[in-house]
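J.: Going down the list, the protein sequences come from chains A and B. Each residue of the first sequence is one higher than the one before, starting from 6 at the first, in my numbering. Each residue of the second sequence is one higher than the one before, starting from 6 at the first, in my numbering.
Errors might be hidden in some of the hints.
The list treats identical chains as interchangeable, and a pair is accepted whether it falls inside one copy or across any two copies.
[Unchecked claim] Subject to a maximum C-alpha distance of 30 Å in a straight line, what follows is the list of computed BS3-like cross-link-like pairs (lysine-lysine):
| id | residue 1 | residue 2 |
| --- | --- | --- |
| 1 | Lys70 | Lys38 |
| 2 | Lys38 | Lys75 |
| 3 | Lys145 | Lys73 |
| 4 | Lys38 | Lys73 |
| 5 | Lys70 | Lys145 |
No wet-lab data here; the hints were simulated from the structure. Quick caveat: nothing in here was measured; it's all calculated off a predicted structure.
Number of protein chains: 2
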Amino acid sequence: MPETTPFDLRQFLPYLLNQAAEVSSLEFQQVYKARYGMLRAEWRVLFHLGIHGRMTASAIGRMAKMHKTKISRAVFRLAQRRFLIRTRDDGDRRVEHLELTAQGRAAYADLCRVAQDYDAALIAQLSDREAAVLRGALEKLAAAEPAAFT
Amino acid sequence: MPETTPFDLRQFLPYLLNQAAEVSSLEFQQVYKARYGMLRAEWRVLFHLGIHGRMTASAIGRMAKMHKTKISRAVFRLAQRRFLIRTRDDGDRRVEHLELTAQGRAAYADLCRVAQDYDAALIAQLSDREAAVLRGALEKLAAAEPAAFT
DNA sequence: GTGTAATAGTTGATTTTGTAACTAACAAGA
DNA sequence: TCTTGTTAGTTACAAAATCAACTATTACAC
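All chains should be built: construct the whole structure from the sequences, respecting the hints.
T.: See below:
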């Protein structure tokens, strides 16, 4: 059996991803926390509604890969603070449509600007080519079904 | 003022990083949880000790960007289960050196093999060039000081 | 020395998350 | 109509993360 190079955790992809995600999330978190008292889950729900308009909790769950209890609680708090309104579907009374209020849209627009600047600051550390490859690779990894590996 | 392209959260780097990190961590978590009953924080401490040998809790904290209470509790549980031993420094009696036991090293070696396979499975979704650029970019982002952006 | 600040690490209280069980509404076949 | 199964969403309880305050020790200026 050939000598294998010893595996180095510092090259381990989940580890690198976590570190980068941690660093890049933490500072942005300050903003929406300070300005709107939002948690990460709430911010994500807000953004999804901002982007896609009216949608249901489970649709957000599928897109954001968030667990439904997380969403349920985030929606509750966002509704409580009048960032969104919930309306029952007439056809199927299990489902609830979520939509941003004017206040929600204002917060979305505000945070969107900040996010854009922050994104630019992050990207500035990379070359254009690196940034493009990075986004593409992340999209692939995020979209992938959990790989059977063992 | 020129028309700006509307910002798309799906391109937002912290968002993509989180998604990819989430997906890629979750499955691997199954392994160390099932085999050794470890939490993520414990696994990370184990790996750092496996790679670097003897080191202190605060050194791990700096490298892994983990909060010291997280580390404190992880170390406690790892010591409790005989994965590591703690020894007080003679020179500075505040600091404590952490080191894996034989059992700890065995667990490390085992999980390292699994990690390697898992890493390979993730990388298989990307081209060689993509993988290399990805790792480089993630290292830069993880190493970066929080950028002032606003 | 003495006082002040800094560092290593722990602990307790509070928040947040995750797991599992639950209600309610629909769907579809016997 | 009466199961049986599925989906949307919530809730209760347990597990974990976070924050602030704490002890113990060292460093350093005076």
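J.: With reference to the structure, classify each hint as holding or not holding.
T.: Here is how each hint holds up against the structure:
Both within a single protomer and between protomers do Lys70 and Lys38 lie at most 30 Å apart by alpha-carbon distance, with minima of 21 Å and 21 Å respectively. Proximity of Lys38 to Lys75 under the C-alpha cut-off of 30 Å is found in both arrangements, the shortest distances being 17 Å within a copy and 22 Å between copies. Proximity of Lys145 to Lys73 under the C-alpha cut-off of 30 Å is restricted to the intra-copy arrangement: shortest distance 23 Å within a copy versus 33 Å between copies. For the identical chains of this complex, Lys38 and Lys73 are neighbours both inside a copy (22 Å) and across copies (22 Å), given an alpha-carbon limit of 30 Å.
Taking the shortest alpha-carbon separations for Lys70 and Lys145, both the intra-copy value of 14 Å and the inter-copy value of 26 Å come in at or below 30 Å.
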